[in-house]
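Q: The lines below spell out each chain.
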Amino acid sequence: MAIKSKKWMIIPIVLLALSVGSMVYGVIIGEHFIVLQKATIICMECIGLG
Amino acid sequence: MALASKRLKTHDKRRSLVQLLTAIISNAYIIGFIEGKIFQGGTKSFCVPGLNCYACPGALGACPIGSLQAVLGSRGKSFSFYIIGYLAAVGAASGRFICGWACPFGYLQDLLYKIPLLKKIKKRRLPGEKYLEKFRYVLLVVFVILMPLYVVDFLGQGSPAFCAYICPSGTLSGLLLMIPNEGLRASLGFLFAWKNLILAFVVISSVIIYRPFCRYMCPLGAVYGLFNPVALYRFKIDEQKCTKCKICQVTCKLDIPVYITPNSSACIRCGDCIAACPHGAIIHGIDIFKTQESEQIEPSYPL
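Residue numbers (this note's numbering), protein chains in the order written: chain U, 81 to 130; chain E, -5 to 297.
Just chain U, same shape as in the assembly:
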């Protein structure tokens, strides 16, 4: 039971660590600038005009 418990706890923690690593890498390569650029002008597609 203890092994099973540890395994079930390790999976989300490993996933979380990989995800955070991926996010940090995304920021390093500047993907957040693409998001910023898109989010700070009125998105015509979103509101149904473009």
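Take the hints with a grain of salt, since some may be wrong.
[To be verified] Derived Cβ-Cβ restraints for the label pairs, each shown as a range:
(1) U:M89 with E:K31: 45 to 51 Å
(2) U:V104 with E:P223: 25 to 31 Å
(3) E:I24 with U:V94: 38 to 44 Å
(4) U:I109 with E:L(-3): 50 to 56 Å
(5) E:V244 with U:I90: 32 to 38 Å
(6) E:K240 with U:I108: 46 to 52 Å
(7) U:I90 with E:K108: 37 to 43 Å
(8) E:Q234 with U:V107: 44 to 50 Å
(9) U:V94 with E:L15: 30 to 36 Å
(10) U:F113 with E:E123: 37 to 43 Å
(11) E:K238 with U:V107: 46 to 52 Å
None of these hints come from the bench; they were simulated from the model. Here a beta-carbon is modelled for each residue, glycine too, at the ideal position from N, C-alpha and C.
Position chain E against the provided structure of chain U, taking the given hints into account.
A: Same frame as chain U, now just chain E:
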């Protein structure tokens, strides 16, 4: 039973308060609503966890689904480490907890469902529910991933297809923007009419069915739902306490048999089942790990 009912009411009030606060915090740029313009500060490079369109006049952050399409649609990009990492991080931490507690569009549907005008379809699943539930994955793959990647213009820029043709959250934001903005009102066309039709369908069906958009259409819920069985925040049934009375399923507005599938990908983690369970048999959060260990240290025996 009266105690469970009281607990459920208190729980509902608490969840509504959290949802309201989240919606206010996510859309706190009041000037935008008055002047018909959007916030342009640096916080918009960060995503909010729920479905909240960045074209909303009050939005302080970016929508993760819109952002994913924006990055995938950029020339030379075929993967987004930033957004996929973000979605996986939220999913691995909490699964669909965000859907139940912190999504402004989910909150809107909750409010609509509270309107006591029409007879509610809450205990029955719709005909073809099994297939309808899969529709959100189709929308995720086709409109959020494939179309921005492969349907490109002559500059190599992909279109945010889900935002453009489906998303009712964006349409609602558009309406809020257009009220004070005459320039935008002058540009209305067929696409706007189509998107308003979808918005009207979602709004009307939300009064009758609990959260139709979240159940059948939301690509964000589809992603988070995949993490429900492996997230840090999870449900577990204490087999020694559970009597299989099915009160959890009867209480669940999504009709999930929680006692059988506590980590269903359809579960939005609203927690109504936990509040309703008269036996306290649904363990949740990181407590499930504590229980498993305590079971080993202090085994309990039937009397």
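Q: Give a verdict on every hint.
A: How the hints compare with the structure:
1. U:M89 with E:K31: 45 to 51 Å: Because 47 Å falls inside the window, the suggested range holds.
2. U:V104 with E:P223: 25 to 31 Å: holds, 26 Å
3. E:I24 with U:V94: 38 to 44 Å: holds, 42 Å
4. U:I109 with E:L(-3): 50 to 56 Å: At 54 Å between Cβs, range holds.
5. E:V244 with U:I90: 32 to 38 Å: Holds, since V244 of chain E and I90 of chain U (Cβ atoms, about 35 Å apart) stay within the stated range.
6. E:K240 with U:I108: 46 to 52 Å: holds, 50 Å
7. U:I90 with E:K108: 37 to 43 Å: holds, 41 Å
8. E:Q234 with U:V107: 44 to 50 Å: holds, 47 Å
9. U:V94 with E:L15: 30 to 36 Å: holds, 32 Å
10. U:F113 with E:E123: 37 to 43 Å: holds, 42 Å
11. E:K238 with U:V107: 46 to 52 Å: holds, 48 Å
Going down the numbered hints, you'll see the structure goes against none, and every one checks out.
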